[in-house]
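Heads up: the protein sequence lines correspond to chains A and H, in order.
Counted from 1, the first sequence has number 32 at position 33 by numbering that gives the first Met the number 0; the numbering is strictly sequential.
Counted from 1, the second sequence has number 95 at position 96 by numbering that gives the first Met the number 0; the numbering is strictly sequential.
Simulated from the structure, these hints should not be mistaken for laboratory data.
Heads up, a few of these hints could be off.
[What the hints assert, rightly or not] Listed below are several chain A residues computed to face chain H (Cβ distance under 10 Å; list not exhaustive): (1) L105; (2) G127; (3) L184; (4) E185.
Positions of the beta carbon are idealized from the N, C-alpha and C atoms, including for glycine.
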Amino acid sequence: MKVPSSIVPYIQVAPLALILLVFFGIPLVTVVVVSFFDYVNFQTVPAFMLYNYEEVFTSGLTITLYLTMLKYSVIVWLITLFIGFNVAYFLVFHVQSLLWKIFLFLVCTVPFWTSNIIRMISWIPVLGRNGLVNQMLISLGLIDEPLDFLLFSDFSVIVAYVHLFTLFMVVTLFNSMARIDPAILEAAVDAGASRWQVITQIVIPLTKTGIALGSIFVVTLVMGDFFVVKIMSGGQSSSAVYAMWNEISMLQYPSAAASAVILLIVVVLMVVAILRVVDVRKELSG
Amino acid sequence: MAQIGGIELANVTKQFGDTLAIDSVSMIVPPGTYCCLLGPSGCGKTTLLRMIAGHDEPTAGDVLIDGQSVLGLPPAKRGTAMMFQSYALFPHLTCLDNVAFNLKVRGVAKAERRKQAHEMLDRVQMDGFADRVPAELSGGQQQRIALARSLITNPKVLLLDEPLSALDEFLRLQMRGNLRQMQKEFGITFVHVTHTQMEAIAVAELVIVMDHGQIDQADSARGVYDTPHTTYVARFIGGQNVLGGKVVRVESGAALLEDARGNRFTVPSGDPAPDTGETRYLSIRRDWIEMEKLADPSATHSDAVNSVVGKVWMTEYQGTWVKVSITLPDGEEFVANINDGTFFANPAREGDTVVARWSAEAVHSLEHRESSFDTSRGGMQA
């Protein structure tokens with residue numbers, strides 16, 4: 000059968016377009032539509048009203064949740080960026096043998112061979128009041144009383160986030176650093192640049208697309224977090240997504256949908272802000 | 000201008016793990032010299048260059064620039080600048096900022112460093128491209144930027160790693176001339192690494208022929224071409240036919256050799272004179288050979304001294320001369336470059352049996368030393 004050449008491209012994109020439509024487009028539109036619905040006695044009633052949004056915006060809890068999540072995002076972003084940059088730099092520029100590079104890179108991914116939840120829960124016996132860290136510090140005589148801030152605190156939340164998300168920074172930074180011709184770094188040294196100048200003048204500008212992509216991963220993952228903050232803070236902090244889960248469990252779907260739309264807008268704005276600083280198209284087009 | 004940038008290497012050795020890359024090399028490059036390090040890939044010439052530049056440190060030995068040991072010093076403190084094979088321009092900076100980079104890292108104010116960079120770009124005729132980024136430039140233009148970036152540091156020594164290898168033939172010839180001119184203008188030492196024989200002898204005052212981490216011959220361009228010391232240098236530089244034979248007798252300053260086919264050649268006996276039965280090698284320049292067609296196609300050797308017999312397997316017209324490749328009966332290749340007028344007066348065709356002759360004065364005696372590298376691929380085609 001002869002297919003007219005003008006429709007061939009449409010046939011080629013059809014499978015992906017279909018999948019995106021069914022699993023992304025329709026659910027998204029549904030959420031947006033439901034966010035304007037009314038709910039009465041655990042029943043969702045089709046309507047068009049802005050009450051759900053009003054409720055979210057007027058609640059003091061919303062601001063607190065978003066500010067907490069923003070705080071975590073920024074701190075986690077800074078720490079993962081620092082660790083990711085150093086690990087990637089080491090792997091790309093210091094490890095000479097390709098075999099070692101691949102091996103060490105795989106070592107970085109080892110924690111990802113277990114589930115997120117297990118990895119996170121594992122911190123509890125490490126950081127707890129009678130956990131490994133406290134026991135060690137006490138037996139070394141450095142402290143008399145167990146440190147309480149280690150677990151169920153901002154500290155433990157951030158430790159868990161960093162542990163969960165650093166690899167995304169390592170991978171994206173590794174990818175963009177690996178494209179730098181090592182001769183360029185030598186040329187900078189040849190021109191008299193110090194180690195620090197090589198990093199600030201050459202490596203950082205040349206890896207900024209990788210930094211941007213890694214930042215998008217980390218920031219969106221933290222903003223969309225559901226359980227880490229709840230468990231690691233011992234219930235003291237919460238997240239926007241956790242608030243939605245509460246609403247859903249009370250069958251207040253329209254209200255949860257409105258929160259979801261707002262979270263989506265906030266995250267999209269953050270991504271747009273990152274993309275305005277850095278043009279990632281260059282990286283993606285190779 | 001006073002000439003600066005004398006380089007001295009004293010027993011420099013470089014080991015990478017178990018591999019000996021440079022084996023106790025000593026050499027002197029006088030200030031203001033255009034020097035070429037010539038050798039096949041893997042001979043250690045780039046390693047030697049990087050040790051002078053300070054991007055590698057020797058395992059043993061000393062590197063001196065203008066009489067001062069520079070071991071352990073970073074490149075900028077050595078007074079060297081390196082131009083990398085791929086140019087290694089900073090892809091995120093404009094040409095102007097590429098050239099000004101060295102001044103920037105030394106803390107020169109923006110206006111001043113831009114002024115100096117513009118001046119330097121002007122010297123390499125690239126000022127019109129100041130605001131472009133390297134990706135927008137052709138290979139030849141990128142090279143000029145790289146050159147400007149190196150020279151702005153006011154180096155005593157400019158180190159060029161295969162500077163012309165990424166260019167096409169036409170640009171290569173043009174840039175070759177430009178480099179030579181620049182070197183004269185700045186009065187500094189250029190060390191140019193190449194594996195192209197023609198390039199080396201065209202630009203360099205001092206050609207250092209390397210093989211396997213050692214220097215075979217350091218000489219003027221004419222010296223390595225016309226009077227190679229060893230069979231390796233003669234074969235690698237090309238332009239020469241290398242023959243060998245056993246000494247039959249020695250008389251009045253000349254040794255008579257005979258090869259396995261019964262061809263006989265004379266070679267200056269030298270001092271001390273060789274013993275009978277010893278093997279000696281000689282070279283004859285390709286353009287100092289006369290050729291004549293033989294009526295008997297089955298001839299395999301010539302009775303006359305200083306001649307060989309073989310079959311023509313290829314003739315290549317080169318304009319003013321014709322390159323005639325002759326296969327000797329033992330499979331060796333022998334090349335005669337014949338003046339085009341002489342050749343076409345009685346042209347030899349592929350498959351003809353010919354005798355090639357030369358005068359005793361054209362012969363140059365060689366020391367025997369072969370490379371483990373395949374030199375048949377190299378050899379200048381001129």
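How the hints compare with the structure:
no.	hint	in the structure
1	L105	24 Å, violated
2	G127	48 Å, violated
3	L184	9 Å, holds
4	E185	6 Å, holds
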